[in-house]
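Here the protein sequences come in this chain order: E and U. One gets this note's numbering by counting positions in the first sequence from 1 and adding 205 to each. One gets this note's numbering by counting positions in the second sequence from 1 and adding 205 to each.
It is possible that part of the hints are untrue.
A pair counts as met if it fits within one copy or between any two copies, since identical chains are not told apart.
Below, a list of computed lysine-lysine pairs in the DSSO-like style, where the Cα atoms sit at most 27 Å apart [claimed, not checked]:
#, residue 1, residue 2
1, K645, K726
2, K726, K646
3, K408, K726
4, K841, K645
5, K407, K879
6, K407, K709
7, K645, K492
8, K624, K841
9, K460, K408
10, K645, K460
11, K726, K314
12, K460, K726
13, K280, K460
14, K460, K407
15, K709, K460
Hints are computed from structural coordinates only; laboratory data are not their basis.
2 protein chains.
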Amino acid sequence: MPPVGAALWRSLRAHQVYGANTDVGKTIVSTVLCNAINQHKASSPAAFLKPVSTGPLDDADDRHIQRYATGTLTKCLYQFDEPVSPHIAARQKLLTIPRDDEIVSSVHKTLSEWAGSGINFALVETAGGVHSPGPNGNSQADLYRPLRLPIVLIADSRLGGISSSISAYESLLLRGYDVHSVLLFRDDYYQNHEYLRTYFQKKSIPLVPLPQPPARPQSQDTDSLARDEEAMASYYERVARGSEVSGLVEELTAKNTERIERLEAMSSRAHDTIWYPFTQHHGMAPKDITVIDSAYDDFFQTYAPETASQEGGLRATFDGSASWWTQGLGHGNPELALSAAYAAGRYGHVMFPGNIHEPALSLAETLLETIGNPRFQKVFYTDNGSTGMEVAIKMGLRAACHRYGWDASQEQISILGLKGSYHGDTIGVMDCSEPSTYNKKVEWYRGRGYWFDFPQVRMSQGSWKIDMPESLQEALGPDLEYSSLNAVFDLEARVASEAGQRYKEYIRGTIETLVRDQGMKFGSVIMEPVILGAGGMLFCDPLFQRCLADVVRAHPELFSANAPPGRGAGSWSGLPIIFDEVFTGLYRLGRRSSASFLGVDADIAVNAKLLTGGLVPLCTTLASNEVFEAFSSPHKSDALLHGHSYTAHAVGCQVAVDSLRTMTQMEQGGSWHKYRQDWQPAPTASSPEVWSVWSHGLVQELSHAPSVEGLFALGTVLSISLRDTQGGGGYTSTAAQGLQQRLAAGGAHFQVHSRVLGNVLYLMSSVTSTPSAVREIEGVLRAALL
Amino acid sequence: MPPVGAALWRSLRAHQVYGANTDVGKTIVSTVLCNAINQHKASSPAAFLKPVSTGPLDDADDRHIQRYATGTLTKCLYQFDEPVSPHIAARQKLLTIPRDDEIVSSVHKTLSEWAGSGINFALVETAGGVHSPGPNGNSQADLYRPLRLPIVLIADSRLGGISSSISAYESLLLRGYDVHSVLLFRDDYYQNHEYLRTYFQKKSIPLVPLPQPPARPQSQDTDSLARDEEAMASYYERVARGSEVSGLVEELTAKNTERIERLEAMSSRAHDTIWYPFTQHHGMAPKDITVIDSAYDDFFQTYAPETASQEGGLRATFDGSASWWTQGLGHGNPELALSAAYAAGRYGHVMFPGNIHEPALSLAETLLETIGNPRFQKVFYTDNGSTGMEVAIKMGLRAACHRYGWDASQEQISILGLKGSYHGDTIGVMDCSEPSTYNKKVEWYRGRGYWFDFPQVRMSQGSWKIDMPESLQEALGPDLEYSSLNAVFDLEARVASEAGQRYKEYIRGTIETLVRDQGMKFGSVIMEPVILGAGGMLFCDPLFQRCLADVVRAHPELFSANAPPGRGAGSWSGLPIIFDEVFTGLYRLGRRSSASFLGVDADIAVNAKLLTGGLVPLCTTLASNEVFEAFSSPHKSDALLHGHSYTAHAVGCQVAVDSLRTMTQMEQGGSWHKYRQDWQPAPTASSPEVWSVWSHGLVQELSHAPSVEGLFALGTVLSISLRDTQGGGGYTSTAAQGLQQRLAAGGAHFQVHSRVLGNVLYLMSSVTSTPSAVREIEGVLRAALL
């Protein structure tokens, strides 16, 4: 089933009723609320939805409501007959059980219909407690989360009820729910309502105690039942006379109104106060700002004021940039929320120098093991890719200066890189890239390096092509063509080919000229393995990167006459090689490390973004012991004097440990098996496996589209270069905007939020994206481009 | 009461027994576990501690254990007579209620005694559910948190029990507890144990179902009671025959052993894998690394292997650097953990450009209001102080170049600052500081600016002195002396004084020389208001900073012949003024904004560290609309092309919103009243209020100490400059190490972790630190220095 918009209607106040436990009086409270609505003759009747009902007892809920809140519209979507948890009922009956997403869709559909037919107030009742399993065994709090209905929590007035009520509340908050009110029965002995009223007051959540309802009839004989009926009727009448309930209904209405008003004001208030990253504000209007109410799985819930009537005001919108390349395990992931909360509860933040705590150590050990590069021995923590790369260049430059005896305060030490590379926004790492739109207007930017142009890989007209840069065709030879992407990555075979020889000669010759003729000194090689992201999703021929690493390592004499002979396995040679895997690492391209595509073990590598599964900022810079030793001396001033206050913050480290574990388990458990199968042929013995969540067929088809210059898919990334009929491509091109608008209009079931880089439109999924969502987007692409 | 060490003994496995709800069989399960221990004749008897017991029902727990788990040592610390929640029992009886910290201390003391007397296994039973209130009305899960005992959770086998068990588990995790095992009764109808076994298996937590115990006797006559007794005895015998329980006891033992082994290995494993920030690793040994098991309030729980016998292996250690200046609301703060979890559950991370979500908008609006500088209109988000300062200088330089028509790619634009300033570790902001130990060995560092030497404030020999730098005594006049710190901050009076005139003349003359004679061009003024932190806790005469701002604004002609006339209120004049309040802002110095001490509204300001109350990295750069407009043009390339992937991450923003709210409420609610009173006299009409958590008397006393050169306290900061008999002070001095070691040895009740900056030892509390902790540390300082 497709995703649903979260529940929000201007005219319909819909709430979900959760109980702090089973048997706390959800139905009675619902009846009280429906009664309060129905009392107002002017308003439309209340509606009551029981998505899943079990057994005759629960079945009676509908009837109870109908009897005591006359006029209420009631509906039950799925009915089971046993008075036990639905998942057991379902299992026992061997029924056709509706899937969770079907239940959620049905609830949304019902509420939409009610909104359309003029209903103003609806309650969606759950069964049992907050975490009582739904028919498929998943917690209701998880099952209904895509709707994120505001919650009416029925607290427990019995002995122990304070505890279960607060725990239930915490479980709801952990899932990003908003609790709009709490009701419970007044018990003058236990006085839970007093305690809880104070508790919830601090959170600005109104609590209303209701009188205790009459006791259940002791027997089922006619007399008893009649007496019960009378007692219940008189109970409801008595409660209705109290002013607190009608006050509460007004408060619920006010909250719904406030919520919509806030959502409507947000883009204009953001326009007033927010200075957006990477954004030219000139000409930007509030309408250009998307209001995101919440997010779930791969989807934002975006506010769409123009449709806030029947269908509701929130739209599921596929997060097509994986939230700036960070998202891995889905938005609103309750496991990651719990990981974060655990670390926050156990530590808060603990200052790092000289100390160690479990999440930081676990993550360091897990990462070193996961990346599997035998050179890496040390982990340095920072907060984001940019700062992690600052650390990496400080490491690399020091290692080179230390070995070659250079005094960097007297002479410029440069880096060797690739054109179009990008390593972050702090000025030091900006200097690692060639002058470009990104950096050239930054007042303190001074590019310090040499950047190679390079051959690029793309699928075009049905086959995988490697295009040589025009100016280098003489040096690098003719364009290449391959039958599969696996063949492109078969570097063990390709490195000995003519292309490999030409690449190496060209690289070696260029370095020689730079150093000998131009007197440049180089301190490190920096590369984003395979794909240069921010530079425009440039898919570098992996052979070129491999050859660059090979040449640098094989010819230390190129860089210094003092170059010592090789120091054996694990020692850097020529220059320290830094891999910026901030974007490409940790399964973004389908493999743990993008370096593994190249068969090169770097001396320093940086990971971030997906590191925390897409939750909070964290970055690691991994390094060899040899690089580490270059900072070792009896003098403190020789140390790497770098460190941010929240270095190795426990929340980030814990979330990263759990994310990495989850992703590794997914890999080992075959979670991506279907995607992999689609990208047969199987890898050859010497090439790494190549696969994508985006279907191979789509890539081939689109490669024939008239407006498509070329495209590729790898791992979670799909990148489409569009022909730029106006300009010359690049970051300022507008060629991709048409396709971006087409995606924003969406498919049958959801819209797609995407980002463009000039004439390149890319899409990026999480590692948990479902084939159904991906295939629907592929349909939109086909419709737009073919 | 002083803080306690968290509970950990090598020989004693102590667990806390929590129930998922009341009446789930905690005591029966405890009896089963004690029985399993007592069966082994070789081992010492089990021990059972009920810290707080209510009513005859609960009172029976001890007797029940004694009867059915013969030989078990039992103890109850506090007994109440009513079978209701202890907080009501306590209230009703008007008893002298033990404070929460007293209860916690008593539990620790009892367990320590048991550990000392050879007991190997102890259970600490709670009352009711996880969040059932203790005698003072606080949740038990919060009340016992300082001990952080590993938990045996008794799940609920009844209808609804799946939900309450999982919610209880989540509430425990939110508080950083480790659940070591789950037990519950087998109920073949509801089968909660099956569901929960699978659930907890995924979390590697063993679950053991126990047979249902016999039903409670229907009446209290002798026969019934005798039958019940027989049934119970036979029940326990039957359970004891099952192998699962003894397996579980072994598993609990193994977990305790594993935990200790891990703690013992951590420093050496960290030594192998971690590259620490700001740390010279040369000569560093594993023993130099402190293992932190958890943290709570102001205290780390540090592992102390040498004392892991009777007193337990964990020591409460005051976090005397406020975890690198970040900590504000206490470690392991459950409110902040819940905030973080809520945002994670509602959003995860949402990519920011072009989007808005509630926490980011709320924080922007809250900050602008809290800081109260009318110039600030825009909020730019980054991840840490360093990146936020990179953004600030990009803003400032652009604004200046834009107004003055400078082409920064052709000429060097510098900044004006103060000597000893420090703005972070990325290379761009390193360039904003004068050459120093911190930066001068960084290969790409090139200081770009001019840095004024300045007069410093300190308490010495009982009075507040302002020392002029030696080389500037002619220009700035003689040293000054004040009777109170309020008088130092009375800038409205001082600015017109002779010192004010001299400062201004000196500043103006210096700038004139730099620009006219040396041809320098300046693009911004950067200052850390009042205290220059990393530079060595330098307390700058606020008058000097005020005069620098005044001169720059009053004399735009100093900087460019093109300087337009003033553009009215809110417009920057001369140079954009950037305040780096990363350390000094948001109540660190006792006021919301440290700029308010100076009476200067900056054009750009950066906040971080305390922004999230001390939980996760987040930074904001605030700017005026005029600075913002300098980036506005029809060209995207003119925009501020800066942005980290996790910009405005929801978790950080939500936690910051809640932290700011809490701190503002504390301020308004008079939480710091006692501290403020201590720092009378009341402020004069023209000076801001000045106060500190560190007592004024202490500062005066220590100022007479022979080894103290000078000191000061402001807000949460205490800074002591020690006489350096060996060297010249500065970052590489070792003068403060003796005092640091003395603090590490600790006072009567806890140790103190502190950081030194050369010959300066500073201590920093959170804003929630209690007078008792602060005064104990003051005692250690007195003992060490007087």
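Tested hints:
no.	hint	result
1	K645 <-> K726	both (23 Å within a copy, 20 Å between copies)
2	K726 <-> K646	both (26 Å within a copy, 18 Å between copies)
3	K408 <-> K726	neither (61 Å within a copy, 53 Å between copies)
4	K841 <-> K645	between (36 Å within a copy, 12 Å between copies)
5	K407 <-> K879	between (50 Å within a copy, 24 Å between copies)
6	K407 <-> K709	neither (68 Å within a copy, 50 Å between copies)
7	K645 <-> K492	neither (30 Å within a copy, 48 Å between copies)
8	K624 <-> K841	between (37 Å within a copy, 21 Å between copies)
9	K460 <-> K408	within (14 Å within a copy, 38 Å between copies)
10	K645 <-> K460	neither (48 Å within a copy, 57 Å between copies)
11	K726 <-> K314	neither (67 Å within a copy, 65 Å between copies)
12	K460 <-> K726	neither (65 Å within a copy, 55 Å between copies)
13	K280 <-> K460	within (25 Å within a copy, 50 Å between copies)
14	K460 <-> K407	within (17 Å within a copy, 38 Å between copies)
15	K709 <-> K460	neither (67 Å within a copy, 55 Å between copies)
Going down the numbered hints, you'll see the structure goes against 3, 6, 7, 10, 11, 12, 15, while the others check out.
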